[in-house]
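Peer 1: Protein chains in written order, with this note's numbering: chain A, 130 to 319; chain B, 148 to 375.
None of these hints come from the bench; they were simulated from the model.
Note that beta-carbon positions come from the ideal geometry of N, C-alpha and C, so glycine has one too.
Keep in mind that the hints are not guaranteed to be accurate.
Unchecked claim - In silico negatives: residues of chain B with every beta carbon more than 12 Å from chain A:
(1) Gly-167
(2) Arg-176
(3) Lys-203
(4) Ala-265
(5) Thr-268
(6) Lys-272
(7) Gly-274
(8) Glu-275
(9) Lys-312
(10) Gly-313
(11) Ser-344
(12) Ile-350
(13) Pro-352
(14) Leu-353
(15) Arg-372
(16) Ala-373
Said to hold, decoys possible - Covered stretches of chain B (chain A as the covering partner; in silico rule of three or more C-beta atoms under 8 Å from a C-beta of chain A):
(17) 192-200
(18) 334-343
(19) 357-371
Stated by the list, open to error - Computed footprint of chain A on chain B; a stretch qualifies when at least three of its residues, placed anywhere within it, have a C-beta under 8 Å from a C-beta of chain A:
(20) 158-164
(21) 208-218
(22) 314-328
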Amino acid sequence: MNPPQSPTELDAQLERLLERCAAADTQALQRLYALVSPMLFACVTRILRRRALAEEALQDVFISIWQQAAQFTTARGRPMAWMMSIARYRAIDLLRRERIAPMLAAPPDEYRALDAESDSQDSSTPWLSSADSMQRCLGLLSDRQARCLELAYIDGNSHEDIARLIGSPLGTVKSWIRRGLRSLRQCLES
Amino acid sequence: MTTPDNHELIDRLASEYVLGTLRGLARRRFERWRANTPHVDQRCRFWEERLMHLAKDLEPVQPPAHIWPAIQRRLHLATRQSALRRMRPFALAASILLALGVAALFYWRSLPANHATAAATIAAKSGEHLWELQVFGQADRLVARAAKLTARPAGSDYELWALPKGAAPVSLGVLPAAGASSRALSLRQKQALALSSQVAVSIEPLGGSPTGQPTGAVIYIAQLRAPS
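Isolated chain B, as found in the complex (with noise of 0.2 Å):
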């Protein structure tokens, strides 16, 4: 239970830390109180949004432009074809049956346990199916498969939302033109279907809409279902 002097005293270590002069082991020991404590931890963040605005005068600086590929490489993120070519054909062969064996173990255990608890089918016009969809568990994850090679306009992706009744759409993320994507869902998205009775698909720029909301054109809507 947090007393009115422990409240004041929670405030101004909070307000301390986010400032930066909380040093040492009393920052160390504030932070681990912080990590365990909701309330410090909302008080942080109380802080956090307002002092934010003492740096109103701060200038923008363009980082140099190795940095941004530095961390592409700290987090394994760059191409790999480059690196492919590089290998002897036997040692690529075999370097892509031990990947697709790993990558299958880890999808596989990666799944649920439990059943879909939601599906839905995007078909053309002509009744042709585009994609599978299927929402695991509470909604924790979102499983689509492309039912056929779906060939994209050049520079452009397509872009799956969930269209809640009475707000506006969320992305669920860019659709796989070919094989199956498995991704988890943040709260916001769960809230989102959970509040959905259909799904669209829209075309967005490379990487999806930059906006946050459908840019191009809504070209399928799907209804979710229970699953099968």
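If we strip away everything but chain A, and leave its shape as in the complex, we get (with noise of 0.2 Å):
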């Protein structure tokens, strides 16, 4: 059966398997995990770039997924928000519990290895519609806003990591991130 194609679509499956999670329906769960574990694996190993944390950290993930899965609701947002939130929230915990230095971007080489043999998606983010306004925001933002966000949120990096990462005053990089995100709330309630 080939997946969906729109991010509609997507969600739409998402959510009915969320449901049939919440109803204790392996065969459910391994169908998500079949649809969604590549994303959040690239999420969290990003984050940790150690393999053995990042495959314990999908695990982790997975079993949120499964006891949380009556609490998702579509008033609680899309289905891929929610489960890359679960994914990212705890590749920053274990960050933090490692005390891992941090690095800039690129995944370690064996991942580049699994991401060839991958046979997943063209389209790397399906979920994501290219229409959307936030696309439309993101463009506005300085290329230093931009990075700096990117850095946050894909890598995992704090405040101090980016502002050594990319050599500039601490202070400096917390106002970029603080205009970017506050550019971004205007723009998207514009």
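If you follow the hints, you should be able to join the two separate chains into one complex; please do so.
Peer 2: Structure, rendered in structure tokens:
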């Protein structure tokens, strides 16, 4: 069966699988794992940068999804945002526990190899619509603001990590991030 | 009450929490605040959906093959067949009796104290009863009992659907081929049942429709009625 193509169709499919997980349907969890684990694994791998930790995090994430599926409703937002948040927050918690040193982007080679073998989707993020207003708002950020937000969101870096990585004062980095977020909010709510 | 200043603060903290730059004790405190404050939770969800777009260029990475079996083990989802085969006959019989007793205890204790609030009988054209359905409480729980051993087409399951007026069918789960199943209903399922006067059964791939809508033939439709 081909996966749905549009973000709306994919959302409906993920909502449906989460409902079935809430009803303790183990096959739904397996299907959900097949659909979203590559993206969630990419998220935790970029933040944690260590194979064993990323694998531990991915297991934790799917156990949380299984246990919390009954709490997910469409009123809680889009299913992929909910699951990605579980993944990222778990990775950030592990990052803190392990006190992992910051690193500029790029996954380890072993994951690039896995990635190359992957037969996953043509579009890496089929749940994101290019027509979404957020894409337009991100395009309005300065390069520095966008870079700092990416280093925080995708790579799990703290303010201090980012300042060290890009060689800018801590106060400046905080300011870029704060202004970037404020610009996004103003753009989204305009 | 949320003042404008307060709103500004909540939004700033929510955006930094979701971004990941809110760290340490401040992060822990904010998590507790979010868990107890719907407005804070709402702002977090706003940012979770928006900032997700920062990951638009993140390439998916296929996890190693051993991860899924590890998750199954941690959730005790793996089939118990292999474990059962290893057990001696006496231990097997004793374990089954114990498990049945515990399962029955939990089953009866899990049923709501109040009576069934709706029921339906799914029957073949010949009039033969195939499944008896009962909805308990405020559609909190659905119990489906197979009235007879129902043969399934190879590689298929029978899936039950609520048919809410003016809306698409909503799955109520896969029907048991034998015995009974009891499941808690989600908010969406409850809402759909409240708007339905009928339920339907379709033939779907094992585990149920992958699309959220019936993909196979609808073979039975039954009226929801007050329980007898």
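Peer 1: Now tell me if each hint is right for this structure.
Peer 2: Each hint tested on the structure:
1. Gly-167: At about 5 Å from chain A, Gly-167(B) fails to clear the 12 Å cut-off, so the statement is violated.
2. Arg-176: holds, 14 Å
3. Lys-203: Non-interface label fails for Lys-203(B): nearest chain A Cβ at 5 Å, not farther than 12 Å.
4. Ala-265: Nearest chain A Cβ is 18 Å from Ala-265(B), so the label holds.
5. Thr-268: holds, 22 Å
6. Lys-272: Given a closest Cβ separation of 29 Å, the condition holds.
7. Gly-274: holds, 30 Å
8. Glu-275: Answer for Glu-275(B): holds, closest chain A Cβ roughly 27 Å.
9. Lys-312: holds, 19 Å
10. Gly-313: holds, 18 Å
11. Ser-344: holds, 22 Å
12. Ile-350: holds, 15 Å
13. Pro-352: violated, 8 Å
14. Leu-353: violated, 7 Å
15. Arg-372: Given that every Cβ of chain A is farther than 12 Å from that of Arg-372(B), nearest at about 23 Å, it holds.
16. Ala-373: holds, 25 Å
17. 192-200: Check passed, 7 qualifying residues.
18. 334-343: Held - the stretch 334-343 of chain B has 3 residues with a Cβ nearer than 8 Å to chain A, which meets the minimum of three.
19. 357-371: With 3 residues close enough to chain A, the hint holds.
20. 158-164: holds (count 4)
21. 208-218: holds (count 8)
22. 314-328: n = 3 at 8 Å, threshold three: holds.
In terms of the numbered hints stated before, the structure departs from hints 1, 3, 13 and 14, listed from lowest to highest.
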